[in-house]
Structures are given as C-alpha cells and as structure tokens.
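*Asks:* Residues per chain, in single letters:
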Amino acid sequence: MTTETTTAWTKPHILSLETFAAPEYETLLETADSFREVLSRRTKKVPALQGQVVANLFFEPSTRTRSSFELAAKRLSADTLNFSGSSSSLAKGETIFDTAKTYMAMGANIMVIRHRQAGVPHTIAAEMDRLQTDVRILNAGDGQHEHPSQALLDLFTLYQWLSSSSPHQFLAGKKVALVGDILHSRVARSNLYSLTAMGATVHLAAPPTLLPKAFQGLLPESYQDQLICHWEIEPALAEADFIMTLRLQKERMSDHLLPSLREYHQRFGITRDRARLAKDHVKILHPGPVNRGVEISSDLMDDPECSLISQQVASGVAVRMALLYLIGTSS
Amino acid sequence: MTTETTTAWTKPHILSLETFAAPEYETLLETADSFREVLSRRTKKVPALQGQVVANLFFEPSTRTRSSFELAAKRLSADTLNFSGSSSSLAKGETIFDTAKTYMAMGANIMVIRHRQAGVPHTIAAEMDRLQTDVRILNAGDGQHEHPSQALLDLFTLYQWLSSSSPHQFLAGKKVALVGDILHSRVARSNLYSLTAMGATVHLAAPPTLLPKAFQGLLPESYQDQLICHWEIEPALAEADFIMTLRLQKERMSDHLLPSLREYHQRFGITRDRARLAKDHVKILHPGPVNRGVEISSDLMDDPECSLISQQVASGVAVRMALLYLIGTSS
Amino acid sequence: MTTETTTAWTKPHILSLETFAAPEYETLLETADSFREVLSRRTKKVPALQGQVVANLFFEPSTRTRSSFELAAKRLSADTLNFSGSSSSLAKGETIFDTAKTYMAMGANIMVIRHRQAGVPHTIAAEMDRLQTDVRILNAGDGQHEHPSQALLDLFTLYQWLSSSSPHQFLAGKKVALVGDILHSRVARSNLYSLTAMGATVHLAAPPTLLPKAFQGLLPESYQDQLICHWEIEPALAEADFIMTLRLQKERMSDHLLPSLREYHQRFGITRDRARLAKDHVKILHPGPVNRGVEISSDLMDDPECSLISQQVASGVAVRMALLYLIGTSS
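Protein chains in written order, with the numbering used here: chain G, 1 to 331; chain Y, 332 to 662; chain X, 663 to 993.
In isolation and in its complexed conformation, chain G is listed as follows (with noise of 0.2 angstroms):
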C-alpha cells in the first residue's frame, strides 16, 4: 500500500514542518487517507512495521498524545515502549541522551520524544545521525518551539473535510482563524507552517501580551501575506472558513500575562455569536484538552455541526500511523 507515494519520502526525522515542502504535506495526506481506510475495516492493522520498536519517551508527560502514538504504532504491528519522566532514571542523574542511547542500544528503531525543552528531539535526531545509527526520531512536542503531529492531524482533518480531489494548495482561498496564546503554543508555531503552505490565508487573533508585534517576522517572507495578525477577535473571525482555538495554558495568569480565564473568555471565547461573524458552516477545531466555557462555549463544543474536534483525535491516529510509516520504511 502506498508504495507510490512513499517513494519520495526523504526526511529520515520529523522535527520540525518549517523544512517541510509542498511534496511532503501531500505524501503525508495521501498516506494518511490510505490508513484512514484501513481504520475504517474490521481488522484496523498492518504489518508494516512488524518486529520494529517505537519508544515513547515523554520527558514531559500526556496521556492523549502518547496513546494516540501507541495506538498508531500498534496498529502498525510494532512493538511498543514506553518512557515517561517521572518514572525516569533522570532523577539518577542520566542525561537525555544518555536515555536516548539506551533505547536506541536496546533496539528502538523509532524514538517519539516530548520535551519540556525547545530542540531536544533536533539534538538527538543529530546526535543519532552523528553515530550513525538508523533511529529515526519524532518531535511530539519540544517546549515552545513545535508540535509537528498536531499541526499535520490538524491539516489532514481539514484535507477530510473538505473532500478535496487533491492535497495541492488544497487550502487555497480559505481563511481561517488562529485564536489564542500564539506566542507561547508549539502548535501554533507547526500550524502557521503546514497552513500557509498548503494555500491558506491565516488570520491570527489574541491579546498583544500572547501576539507580540514582532511575532509576524518569524515567518519566511514569501508566506508573509498570508498571515494578518490582529488584537481583536472580530476581524479575525469575519468570513472564516475555520476557527482554530488554542488552548490556554493557566499559567499564563500567573506570569501576569491575562488578568482572569472569564475575561479572556469575553474577549477572545468562541461563542455562538462570535461563530456567526465567519462564513456559515464554520467549523471549529482545538488541539485539546479543551477549558470548556474559556477557549470555547461549552455548547459549541459539543454542537457536531460546529466542532470538528472529535475527527482531530480520530485524525490523529492515521497522521501518526503516516508519519511512523514514512519514517520507519524510508531508507
């Protein structure tokens, strides 16, 4: 299956989505959609990484992602172990990459890392390239910096929506808002990147503490029109064909960042009222876990003709089934 599209596949580790090309986006979709069908039989498993091992290593610990992942990779035949930090033998003292090394000396063909730490998962990715060994790695979030998986379920669930024929610029002429704590979200970050390229028009919306003024340098310049900061929600909003929310993290309230989560909510919640201001239809997604009644109204939420956050988790299944099967069978 999918052996066409595969055979392009060149990026050994999935680290970051600001390297990553038109190509890729594509052969990711296209191979997400084939494992959407196998989701969709009877018997939901291939053999295709059948006697590889995929570690988990979550330094910073989740429950969503990491199940997500091990689903992926079981359904993949693979082995599955998994790390989490707080169990660690960090506390005696080892080094990340002295973990890392570990797993790969046991026989760990995939490592998937989470980290507290921006370029945790790019350093061993080298580290593991300077050995010469063939672990591939994936970033399942590193600090602030990327959340590649997130940002690629999150283009598959709209690639599924929309029904397109084909993953090309398949985002062309559609606006959608990004709302939330844009500065500090690593999926923001991985989502301005898969967004932008596939044709999209992102309106980012937040309060100037979570959006600095500087923040739309960080984007190459070429994608620079396509990305209309704003302080206020409305405009953001107006004749969207998707509303992504972020989730907000409580911290930001004790780093002086927001005054309350109930005025956030007023000011940047998705409501039903709010919703009526984009295009009719509008959908919404949010990474999760969701503050229910402070990124969204709780009704929204729930509404199946709105929320498209259900299909995100179900995505997420088959993106990560993709990205370990590209990574796991390229050479």
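By construction, these hints were calculated from the structure, which means they are not laboratory data. Only a predicted model underlies this, so the values are computations on that prediction, with no experimental measurement involved. We put the CB at the ideal spot given by N, CA and C, even for glycine. Among the hints, erroneous ones may be present.
Straight-line C-alpha distance at most 35 angstroms; calculated DSBU-like pairs for lysine-lysine [what the hints assert, rightly or not]:
1. X:K836 to Y:K376
2. Y:K405 to X:K736
3. G:K174 to G:K11
Simulated coverage check for chain Y against chain X, where a stretch passes if three residues somewhere in it have a Cβ under 8 angstroms from a Cβ of chain X [as the list claims (entries may be wrong)]:
4. 608–621
5. 641–651
Given the coordinates of chain G, assemble chains Y and X onto it according to the supplied hints.
*Replies:* What follows is chains Y and X alone, placed relative to chain G:
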C-alpha cells in the same frame, strides 16, 4: 466458539447487575467456562477481538483489576491502552466525558471504566449511545455503587467449585454468608443481585454502622426472603456453604464507624474457630487485597482447603474475557 | 532454535549466580548468541513464548531494566504485564507474597522481580515451588544481594567483544578491574561469581569504606586466588584488559561513607590518564545510568573506542531473551 450461547446477548454495556436476568447470568457462566478451557491450553490466546482496542480508563487506580482486564483483552488478541487518573489530562481541566470521547475518537471499541464516583460508567455509556457510537462500556467499579465483574467472577468461582451440570439456579438451597462493610461495598451490592438471582440465600453480617436497618429495602422485593441481616456473625455463619468476606477500608476508622481493626477482627474476622460454625468444608472468598489478620486470619487465608481466593483471581481473567467477548461481538 | 544447548537447562528460577556452574554460563552465552543473531534480522521476533505471560513486578522502580525485560519478552512473543510498586496495592496492606500469588493466579508464567530487600525473589520462588506451580522467578535485582541478568549481560558483552570461539573459560588469563562501591553493589556481587567462574582474575578497587577487609571472605575459597582487593585504583588498573565501573549511589554521601562526588572522582574516577595504566585498547563497562564525571569522565564514556556501555545495553535484550527462553521452555 460459544456461538450458540452468545446469539442471545443483548446488553451492549456491562454497568450493573441490578438489571441482569437469569439467562444473562447463565450465558456469562457458560462463556466464561469455555474461556477457562482456553486458559488451560498451552497457547492461551484466541483471535476473537483481533484489531479491536480495549481502553482501560482507571480514574481510580487499581493494579490488580487493571492487570486482570488487560490480560483478558490481550488473550482475546485485542490491543490495549491504559489510562490512569494520576497521569491524566484531568489535571489540565478536561472533563471525564471529554477523556472518554477522546478515547472513542481514537478508535477504542470497549472502555473499561473505574471511577471514585457512582454512576460515571452509566453516564458515559448513555453519552456513547446518544452519539450513536458502537463503543461498549464496562463498569470496573464505580464508587460505592457496583462492581459487576467482581461479583460475576465470584459467581463463576462458586459455579466452578460446585461443578454444577447447569448454571440454572445453581445456588438454590445454598447459604452464603456475606461478612463485612456491606454499606460501603460496591462488591457487596453487585453480589447481592447475582447470588440471589442464582437461588442462594444470603446472610449478611456486619456491625450496625456498616449494615443499617434500611439496607434490606434496597433489594427488589422478590428477593427479600433470600436476604437476612445480622449484627452478630455467628447466625450468619451457621451452616453456611460459603463465606464471602469484604475488604475493610481503613478510612472507616477515621470516619468513626469502627473503633479499630483489632476490634473488628475480634467481632467479625473469620478465624478457624468461627469457620467451624459453618458447614464442613466451607469455602472462604475475598475480593482482595486482603488485610491479613483483619477480615480473615492469616492461616485460614493460606489454607487451600478453605480459601478460594486464588481461584477467584483465576476466574477473573476468564470472566473478563467472557464479558469483553460478549459485548465486543454482539451487535 | 538453540534446542541442543537447552536440553541441559535444569534451573527453574534465576535467583543468584552463586550457584551457577560453568555449563550453565556456557549454555546461557550460546543461547544469547543465537538471540543476538535473531536481533540482527529485519523481523526480530520469535514465537518461543507465544501465549505465555511475563509479569514484571518492580517493587523498586526501574525504567531501564524493566524496558529491557519487557522488550525481551515481547520479542519472544510473550504477553507482558507491568506492575510497579508505586501504583500497587501494597499501600492497601497486601503482602508481597499476596501480590505474587495474585499474578500467579492470573496466569503469569514468569515473574521478573525487583525488590529493595535482599532475598525477596528467593522467598517468592520457594513459595511458588511449595505450591507446586510451574511459575518461574527471575531476580531483576534484590537489595544489595544479586542482579544476575546484569552480570550475565556484562559477561556476554565481554564474550562478544573477544569473539571467542567457545565460551569455555573464555576469560582465562584476562584481568578485569572492578571499581567502585563494591560493598553495596548487587551488580558487583553477581559479577564476582560470573567473572571468576569464566577464568578471569578480578582486581577490586574502592576506598576502604566501600571495600572492607572482610569482603574477600565472601567468595568460595576456590576462587580466592582470582580475587585481589586494592584501596588504591592504580594497581587495579595496571595492565587490565577490562575496567568495570559501578554506579555510585548518592546516598553513600549522606551515609558519610564518602566525602564528596568530586573527591571520589579524583581518587577512583576513570579518566583518560588512568585508562592508560591499563592495556592498550582497554574497554570500559558500566551498568548505567552513569553519573557523568563521577565514575567515568564524560569524554571517555562517549568514546566508542573505549566504552562498551551501548553494547552492554544491547546485550541486555539478548541475554534476557535467553534467560526467559531457558526458564520458560525447560520443564
């Protein structure tokens, strides 16, 4: 295998034994019997749930019950995902519903749910039905309400022990003493339904603080004459065929419902002397883990002539295989 | 596979190397060798333990050793169950015996046990035998007593490195320096048995607080001339073929057995200068996790010309597959 018996299975979820009828108990016992046979083979696996996902959502942690369900699922060739409250995103403000919906969207076919609060598995099951999903819910213990799989494994242990030729009313004429913290025990509540439904007469024994007068009124009237309450242990044990002891939670002491573990043992602990009040060859059960020297004297617990505790644990895997099989293959 | 060698295997449990004889070491090394070959294939699984259950009972938590056993079991196609002390019902007043009996009753075929207290795996094994079960026990580290699988993976690492044509007395004429906290190390204790049994001369080096005079008397007299104690590191390293370092537990400082990590490193840490005292191309081992800059200087640890640490981890999976295979298939 077991194809004849299971055509009749109509319960999509296992939430409570209150609504179980005799044919359901009988189907369950027969199905568990056939899995008991599988477990005696060298290769103890069957492909019944291949490709299906069993998610163990233990909002209240439990190694023993979770391991038993996990092993049952693996022996049916299902893939398993484990979630435990402590490592959860609940701390992040997600509701229990949202967690369940996340695992549903990932593709879980069966969710085994334990929660400190009574009714959580029911409300999740109702939500799954409302959303018209095929997800099955299995209550692995909810607050002080019910613990169906424990009562069913107890029942299966008695069934095996008696080598009855048919499960139909196989406990008719048998006296079961149920001793301990009846009031707060979800195990007791489930057992009262199953034991009386199979024809047993159940004698309950506990101090008045743990067995209030009002308790007897909770059972359906048709069973009332099979249920006798005692505030002393001796009449409950007299001529009993089986003694089922309940685990004493240490918080009962801080709640001032009991003076001390020692006094509890003196008045209600099962010792060799007390066991002599019962029928010759009386068998003792306990859901585990046992507080040695509190509910049962240590020597009695270790005496294979008296104790069925190991058989209960073994029955647990067979009964849970049967439950997962019945709800996982019914349509 | 490996059918010829294993016909001779008679040990149902792996509890200690004190009672290992030369033929057992040789069978183990040959069996591990054949699994090493399996691990070099694309599909690294064999069906040897299909349908069997390996329960990892880690009363003392360890990510690294537990992952190694888990992977070894999965590659033999066994099902695995993980239990860790922290999430246990031990807090509920259950004894260790009761936990082991619970996993036995669930159907565990092999229990891999780690416990803070010396002797726990032995007493559980004795109980399993007394109960006439077929359950096999594998000691994964008990207090300061033994850690057989670690010493055997060390031995296998040396065997692989030397590419000996036969395991028989393959360390004859070799000098091994064993440096560090000999007194408290279960790894050291197991290594002394295995290294001397294979013919090596072992030079121990540690400060007197960690290597008391009485220590030498613990080994069987027949090995005494293969064992030389030093309170300075230089004579131990001189002309050594291998340097095995031990992990320094930080609690040794609070126990007032060592002044500081820095002083320990100055007197007993392996640096490039010190390594020059040994033979050219000396190889350094460490059971991990390493306190970088304490037991070994960081540059030396990362130098693939000097360090066998990664090979040790890789050997761990092959050796544990061999151990599980030998005890899981012997009758």
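*Asks:* Against the structure, test the hints numbered earlier, and report the numbers of the ones violated in rising order.
*Replies:* 1
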